[in-house]
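K.L.:
As a plain string of letters, each chain reads:
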Amino acid sequence: MTYTIQQIAEALGLTAEGNGALTVTGVAEPQSARADELAMASTPKYAEALKDGAARAGFLWAGADWRALGLEAAILPPRPRFSMSALTAMMDRGPGYAASVHPSAVIDPGAELGADVSVGPLAVIGRGARIGAGSVIGPQVFVGEDATLGEGALLHAGVRIMARVRIGARFIAQPGAVIGGDGFSFVTPELSGVEKARQSLGEEGTDSAQSWARIASLGAVTIGDDVEIGANSTVDRGTVRDTMIGSGTKLDNLVTVGHNVVIGRDCLLCGQVGVAGSSVIGDNVVMAGQVGISDNLRVGDRAILGGATVVLSNVPAGRVMLGYPAMKMESHVEAYKGLRRLPRLFREVADLKKAVSKASGND
Amino acid sequence: MTYTIQQIAEALGLTAEGNGALTVTGVAEPQSARADELAMASTPKYAEALKDGAARAGFLWAGADWRALGLEAAILPPRPRFSMSALTAMMDRGPGYAASVHPSAVIDPGAELGADVSVGPLAVIGRGARIGAGSVIGPQVFVGEDATLGEGALLHAGVRIMARVRIGARFIAQPGAVIGGDGFSFVTPELSGVEKARQSLGEEGTDSAQSWARIASLGAVTIGDDVEIGANSTVDRGTVRDTMIGSGTKLDNLVTVGHNVVIGRDCLLCGQVGVAGSSVIGDNVVMAGQVGISDNLRVGDRAILGGATVVLSNVPAGRVMLGYPAMKMESHVEAYKGLRRLPRLFREVADLKKAVSKASGND
Amino acid sequence: MTYTIQQIAEALGLTAEGNGALTVTGVAEPQSARADELAMASTPKYAEALKDGAARAGFLWAGADWRALGLEAAILPPRPRFSMSALTAMMDRGPGYAASVHPSAVIDPGAELGADVSVGPLAVIGRGARIGAGSVIGPQVFVGEDATLGEGALLHAGVRIMARVRIGARFIAQPGAVIGGDGFSFVTPELSGVEKARQSLGEEGTDSAQSWARIASLGAVTIGDDVEIGANSTVDRGTVRDTMIGSGTKLDNLVTVGHNVVIGRDCLLCGQVGVAGSSVIGDNVVMAGQVGISDNLRVGDRAILGGATVVLSNVPAGRVMLGYPAMKMESHVEAYKGLRRLPRLFREVADLKKAVSKASGND
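Protein chains in written order, with numbering that gives the first Met the number 0: chain A, 0 to 362; chain B, 0 to 362; chain C, 0 to 362.
Careful, some of the hints might be misleading.
[As the list claims (entries may be wrong)] Reference listing, derived: stretches of chain B covered by chain C, where coverage requires no fewer than 3 residues with Cβ under 8 Å from a Cβ of chain C: (1) 66 to 77; (2) 136 to 143; (3) 318 to 327.
[As the list claims (entries may be wrong)] Below, in silico cross-link-like pairs of lysine to aspartate or glutamate (DMTMM-like), each with a Cα-Cα straight-line distance of 20 Å or less: (4) B/LYS353 with C/GLU333; (5) B/LYS352 with A/ASP224; (6) B/LYS336 with C/GLU333; (7) A/LYS195 with A/ASP294.
No wet-lab data here; the hints were simulated from the structure. Every residue, glycine too, gets a C-beta built ideally from N, C-alpha and C.
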């Protein structure tokens, strides 16, 4: 596939600088770009690297002097990172799934497939499942009984959508994602050690030996529009009502969302985040990798949780948190600066004690 | 499916209050319950919400005045959370797998299926595998050579049970769980940097560049009765003997259990817990989400490890731990209260130094 | 299968002691070894346990007095842990996949399979995929369009290799591993709260509500020779160029490697490690379980990161780190010793303040 710089600029709603008729076959980092590739150098710090490559056209920063950089054509987006979205969408070669229903797929006669739905080899679609128009069901995918998917879904290889899960439009699931496994909910006949430890703040953990009885998940999972779920991530069903994920929210790989959790709109949950049962997450919340949210908590709108933050109590809206246990980011930076200097502080206090003792004439 | 309040109460070993002949089709949260749903309001704090819904029957707390709450019938369990187990089991609609052996499943002629075993579409069952009576093997499941499953197993879509794994009765595996992948065991020809760092407590980490030789896993995995494994969780085979999980133990999603690990009976390992190679976990141990156990450690019976606790040394029986590194929960609360106030302590000590210096006439 | 002690010793490049003609059928721990099993007792601390078993031959430590331990034959490797590699390779019974191309596999006519490639039941191999000679493609595996695998690959059940991924020789992937899912890369039209929080070190997190635009992954994944990936682990494609994993590197279960990451040679990433987008990891780096590396960082050659270390800034070569946030291991040990004693320090400082106040005549 080839594109002229003019075509690309138009697709991004921008103007081509220089020779708009120049063609490229793809994009590349500046230092390794071939003559037929568009060099990605979105800030001045990548300008030098352009000389090591052979690019004739660049995707640069606003105001870049592309002629001085030796280029024949350029695109100068005001916010290059945002323009990357349209640019990469245009050039994406996709997963290579065939646009047809493969004869090896096992599709229940009671399933309803919308117009232009493709189904990959060895996929299974259960009774009563409904797949929206234009969806792509990848190879070896499972869609359970009475599950519904809106239009334009893309389920990659090996995704599992369990029974009665309801998903909106333009859903993307990376390989191996599981939507609608049973919630992890067990109970002992008598009060358990965990319940006691919570009541006593950890002073009482010893437990008589009891076995766990299973609480089944009568709810399913409801997911809004424009949601993406990462590879091998898992979202559990609810106990009495559905677990819910709002429109526009994106989950990275190996994320787990527990039963009854409610996640708002336009959130970002990065790799290996875990949200325990019944917690409620607001809108526009960002969780960096490995963040953990304990059960039955609330995280307010627009909160930002830094890498591996462990949230053990509610987080107000708009708060930036870091650490284990989670602190406001400024407090965390201060506290850990102190932690590193603690050995010195112990020595200073010991010296002070000696000095005071001496000054008091107790020596 | 409809149930009378009388039927439900009897199934829970309880007595129906009021109009036991009233029928419901399912359960719901109190505020959204329809007239044909049983409202779940297991503590007085949910009493108010009943007014927002249309329920005529409630699943309430012991001693609740259901008439005053406007209901016609009620069930008043002494421990509602425990009664949820029988209630949800009764109403669970299940995964919707067909009760038959699907013709697309690939079952080795040398596999043995017990009575009333169902096998979903595109499942694979290897030579010498034995599946206990009444088991449900979901779609796209893999059961390897000579693996054995006790009676009443439920393997959800995409579960992988590898060769020679042995599992007891009533096993449940959520979608994508892997039992019996190879252990992660590698060794360098000469002492590695990690071995040196352990010997020297971290003073010596620099390593000559060496490649890793693989140690194969000759053992498999042995699992007791009534065990459940969460979605996309993994349990590795042992090196010389089997990795072991005791009866009644439950693992949540994305949990990993390393080679040679021994886990006792009736433990609960919540989401994203990791137990590294050769560690031994007692009975009735509870690990909250994201807990990590380093290799070759012992965690005593009935220990409770709070969210994201990182265990780097042995934990005695009955201990409640929290933090990284793990501390007794009370100590953790105290220490981190101090950590937050550290910047103030530094200022106080600085002031004291000035005061003492002045008092000593050194100014 | 039976082996003489002589055969085993020769396979390890060692000499058999005593009756080399003695045969064994496998290995076992010393206390449970049967008469036809080789007892593994690689250090003197396991010597006692030999008496509880019935072994007639032992795999012991250099210089062990095997006759005094009641054995008839022995192998005395100078570094037993290293010799375990060849020993277990010799005795590994493997996953039991048939050495043939199963008729139920869906192999695109445009795929190229090398000599002696076996393909399990219900595997899918896409157009243009190339599989190196001698490879074993397990049941229910997916290999995408134009993906290439070097010779001698072993893909266990349910592995997904996505389009255009390139992998070297002798690759091993445990069940459910996903190589080449899309990167997790999203951008808002205007500067997001996360970008602002990073610029202001957390003082400014409040964000106007914006939706996320997707940046597609135009790159794939390139993996060297002799790499192993654990069960249900995920490695994402790059944005403009490939994500890269160097030769000899091993990943354990549930590890995630983000888009654009570069990992060097001979690294070990243990269970549940996460490496965020665009970070660069050197050679011979070892990361213990649950380690997290933030995005856009560098970790130098031969660094060792202890269990659950959270890396939020660059790590120099050869450094041994621990903790959240990561500190040099010695500093971590000191700092956390101080943290545990903090409540006492607060009391001491309070006492000092009183003493100084009194000494100053302010009482």
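K.L.:
At a Cβ distance under 8 Å, does chain C reach at least three residues of the segment 66 to 77 of chain B?
P.N.:
violated (count 0)
K.L.:
Regarding the pair B/LYS336 and C/GLU333, is the alpha-carbon distance no greater than 20 Å?
P.N.:
holds (19 Å)
K.L.:
Mind taking a look at whether chain C covers the segment 318 to 327 of chain B? Criterion is 3 or more residues with CB to CB distance under 8 Å.
P.N.:
Holds: 3 residues of the segment 318 to 327 of chain B have a Cβ under 8 Å from chain C.
K.L.:
For the pair supplied as a hint, B/LYS352 and A/ASP224, confirm whether the alpha-carbon distance does not exceed 20 Å.
P.N.:
violated (62 Å)
K.L.:
Is A/LYS195 within 20 Å of A/ASP294, Cα to Cα?
P.N.:
holds (16 Å)
K.L.:
Take the C-alpha atoms of B/LYS353 and C/GLU333, compute the straight-line distance between them, and say whether it is at most 20 Å.
P.N.:
violated (27 Å)
K.L.:
Cut-off 8 Å, C-beta pairs, minimum 3 residues; does the coverage of the segment 136 to 143 of chain B by chain C stand?
P.N.:
holds (count 3)
Checked against the numbered hints above, the structure violates hints 1, 4 and 5; every other hint is satisfied.
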